[in-house]
Amino acid sequence: MANKPDRILEEVGRRGFPRLPLPFLLVFPAIFVLSIVILYPLISSSFLSLFHYELTKPNEVEFNFLTNYNNMLHDDTFWLAFKNTLIFTGVSVVVSLVIGLIGAIAIDQLPERFAGLRGVVLVPWIIPGVVVGFLFMLIFDVEVGVANVILKHSGIIKEFLPWLMDEHLAMIAVIVANIWNQVPFYILMFTAGLKAIPMDVKEAAIVEGASRWQEFIHVTLPYLRGILVITSLLMVIRNFNNFPIIYTMTGGGPVFSTTTLVIYIYRLAFEQFNLGYASAVGIVWCGVLLMVSMIYVKMLYKQVHG
Amino acid sequence: MSKKKWVILLTMLTILTLVLTACGGGGSAQQKNASGGSQGTVEITFVNWATAEEATKQQMLDVIKEFEKQNPGIKVKNVPIPVGEQLNQLTIMTTGGNAPDIAQVHFDVGISLAAMGALEPNDNLLSKEFLDDVNKKLYDFGMYEGKHYLIPWVGHPLGFWYNKKLLQEAGLDPNNPPQTMDELTKAMEIIKQKLPKDVVPLQIDTTIRTLGLSHEWSFMSAFGTVPVDGDKVQANQMGPYAEWLRMLVQKGYTLPGKKFGEFRPLAAQNRLVFGFDGPSFKGIIQSFDKSITDEKFYETWGVTTLPVGVDKKPYSAPDDHNLAIFKASKHKEAAAKFAEFLARSDFSIKTYVIPLGFLPTVQSAVQRFPKEFSDPARKAYVEKVVPAEVRLPYGPNYSKIATVVMAGMQEVITTNKPIPEILNNVQTKLEGIIHGK
Chain A
1 MANKPDRILE EVGRRGFPRL PLPFLLVFPA IFVLSIVILY PLISSSFLSL FHYELTKPNE
61 VEFNFLTNYN NMLHDDTFWL AFKNTLIFTG VSVVVSLVIG LIGAIAIDQL PERFAGLRGV
121 VLVPWIIPGV VVGFLFMLIF DVEVGVANVI LKHSGIIKEF LPWLMDEHLA MIAVIVANIW
181 NQVPFYILMF TAGLKAIPMD VKEAAIVEGA SRWQEFIHVT LPYLRGILVI TSLLMVIRNF
241 NNFPIIYTMT GGGPVFSTTT LVIYIYRLAF EQFNLGYASA VGIVWCGVLL MVSMIYVKML
301 YKQVHG
Chain B
1001 MSKKKWVILL TMLTILTLVL TACGGGGSAQ QKNASGGSQG TVEITFVNWA TAEEATKQQM
1061 LDVIKEFEKQ NPGIKVKNVP IPVGEQLNQL TIMTTGGNAP DIAQVHFDVG ISLAAMGALE
1121 PNDNLLSKEF LDDVNKKLYD FGMYEGKHYL IPWVGHPLGF WYNKKLLQEA GLDPNNPPQT
1181 MDELTKAMEI IKQKLPKDVV PLQIDTTIRT LGLSHEWSFM SAFGTVPVDG DKVQANQMGP
1241 YAEWLRMLVQ KGYTLPGKKF GEFRPLAAQN RLVFGFDGPS FKGIIQSFDK SITDEKFYET
1301 WGVTTLPVGV DKKPYSAPDD HNLAIFKASK HKEAAAKFAE FLARSDFSIK TYVIPLGFLP
1361 TVQSAVQRFP KEFSDPARKA YVEKVVPAEV RLPYGPNYSK IATVVMAGMQ EVITTNKPIP
1421 EILNNVQTKL EGIIHGK
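Here the protein sequences line up with chains A and B, keeping their order. Be aware that the first sequence starts at 1, since it is given in my numbering, and climbs by one per residue. Be aware that the second sequence starts at 1001, since it is given in my numbering, and climbs by one per residue.
These aren't lab readings, by the way, just hints derived from the structure by calculation. From the three backbone atoms N, C-alpha and C, an ideal C-beta is built for every residue, glycine too. It cannot be assumed that every hint is accurate.
[To be verified] List of simulated lysine-lysine pairs, DSBU-like, C-alpha gap at most 30 Å: (1) B:Lys-1136 x A:Lys-83; (2) A:Lys-83 x B:Lys-1417; (3) B:Lys-1251 x B:Lys-1165; (4) A:Lys-57 x B:Lys-1251; (5) B:Lys-1251 x A:Lys-158; (6) A:Lys-57 x B:Lys-1147.
[Said to hold, decoys possible] If you want a taste of the chain B side facing chain A, the calculated C-beta under 8 Å gives, among others: (7) Asn-1088; (8) Met-1116; (9) Ile-1208; (10) Leu-1211; (11) Gln-1234; (12) Asn-1236; (13) Gln-1237; (14) Pro-1396; (15) Glu-1411; (16) Asn-1416.
Chain A on its own, in the form it takes in the complex (with noise of 0.2 Å):
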């Protein structure tokens, strides 16, 4: 038998109306405002690629179709941004993984009058990515950063290093701030992992003779490893989105060594105003992306259906 709110648009069906369910209708708003602000962009974006179109010559759009995507084939700069993604997302993924696992398990044997210091090490989480950048940015300065101060105190470099002026440090750099401000989330996400885990099941580890390794090995990482997973993939999306704290540091530079793939796009569409090709390596961009979610949203799946 059909529920009270089904047999009001059964009636509205009868004086001419479609009939429609009312799941349907709830979902409509939602499935109505993603279409405007992501899948509009997306095909209109896509649309774009195809396209020879710049700002600063509005009388030289053409569709050029696939010209685009193959000068991108050829564009080193592209490569280098893809390379440069992929190192600054793999480093800073897995040493905030690491360095988040230690953080939370450290935390979690905190005894409870220290409580309050979970909520501090979340600090670095809340401060905003322009705010990172411009911290650190300070602190690897040249002529003034407190990292050179304490390295050459420390006797392990002899003269201040230009750390956002070296093509390899300057990836460094960033990587380094920007895990700073990312660990918070890791702890956050394994606290919360630890504490589910059943206090009987690694008792009876330890009663049976495990060390506190093998008790980590054995019981602890696999109860965590749901979480490690789905921490770590959401953080790829995270990462490989990342603007605000390489624009601030060192803007892609130097030439293009911090250079990713959005701070590509960003300074192809708004500083060269190439909206045509920016379109085209975002969308590139938007697939792997995608890949990646994919998988996110399957293991999400595994988790939740066991």
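Here the structure of chain A is known, so what remains is to put chain B in place on it, guided by the hints.
Same frame as chain A, now just chain B:
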């Protein structure tokens, strides 16, 4: 879901989109302007960075207020934007159908907007009196395809500042700054040997920005070759300059990767020997350290033209501020009147140009305010630096050219790659931009 329901869903989505689009449209400044504010009053939108910066904000607001007082029929809607965002913001505003009536722009941005078709030519908008008075050279810098699009507002060419006290400490003649690039290099070598390590010999912008290229352009010119000369690409002949730039960084004669503005605090701390900056350098230094009086400043700093190079000619790049009237403006006459007021009125010159250390762009200003424009720095600028100004390759490709050239220069200073290899790569990319190869 059945096919019918999909059709219904898509139809509803389309209708809603159309309704929302219709509701959301029609908010452009031009439409608002067309209706006017109160009866007989027009409103012009003025986009500028003068009110976005603390050092110039109040003076600019005072000038706007005075203009409105003298012209009761015109209201000025002030829109502050950061200086580095001018091209970005104005392009987006224009293409979004929301162009302002008038904007403060640098030459490169103004010419890019003109090439885009966003600006109105000025010749028929400005009064004869103004056109007779304006500095012709600067006015002609704002030409694109035979038409004037920019109205020079304040002069800010780059001059060679030298720190007399530090030169003396290094055993160099404080009143005889280097006259040639070779002398400059020699002086920097002595400075590095004799002065403390934290003293920086030279201010040079090595960032990948259009402003970075403007800053380095005069140095490049002194070494005999600029990357682009008209349609001619000659980046592969810039070897001597690139070698010199690499040497500057390797020997610690400058700080790599810094914007030229980032050297100013060093100047205020008496840690910079040679600066290449505009006439507002003095005011900025004084704003960093309020104890530096005019007298103290001139005891320490002198200004002249950049040391000459192979062709024995001094060069300066224009960092001047201009005004641009937009094609979409409904009140071009009012905007032109405002532009003339900013560039030429006694009030604007007294309130904005003089106190902030800028140069006037109208010839009569120096006659009207002889005392104010006779200080040593401004005299040197008017007599020596302004005549040395050269036009850069402004146009729709300028931003791309700047990115390629400055990326190349960064490669020179941050890697050990052979210079010919770097320059050949820059050459190929520039040819791609300019000749579409």
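Hint-by-hint comparison with the structure:
no. : hint                    : result
1   : B:Lys-1136 x A:Lys-83   : 50 Å, violated
2   : A:Lys-83 x B:Lys-1417   : 20 Å, holds
3   : B:Lys-1251 x B:Lys-1165 : 22 Å, holds
4   : A:Lys-57 x B:Lys-1251   : 43 Å, violated
5   : B:Lys-1251 x A:Lys-158  : 16 Å, holds
6   : A:Lys-57 x B:Lys-1147   : 18 Å, holds
7   : Asn-1088                : 5 Å, holds
8   : Met-1116                : 5 Å, holds
9   : Ile-1208                : 6 Å, holds
10  : Leu-1211                : 12 Å, violated
11  : Gln-1234                : 21 Å, violated
12  : Asn-1236                : 18 Å, violated
13  : Gln-1237                : 21 Å, violated
14  : Pro-1396                : 4 Å, holds
15  : Glu-1411                : 5 Å, holds
16  : Asn-1416                : 11 Å, violated
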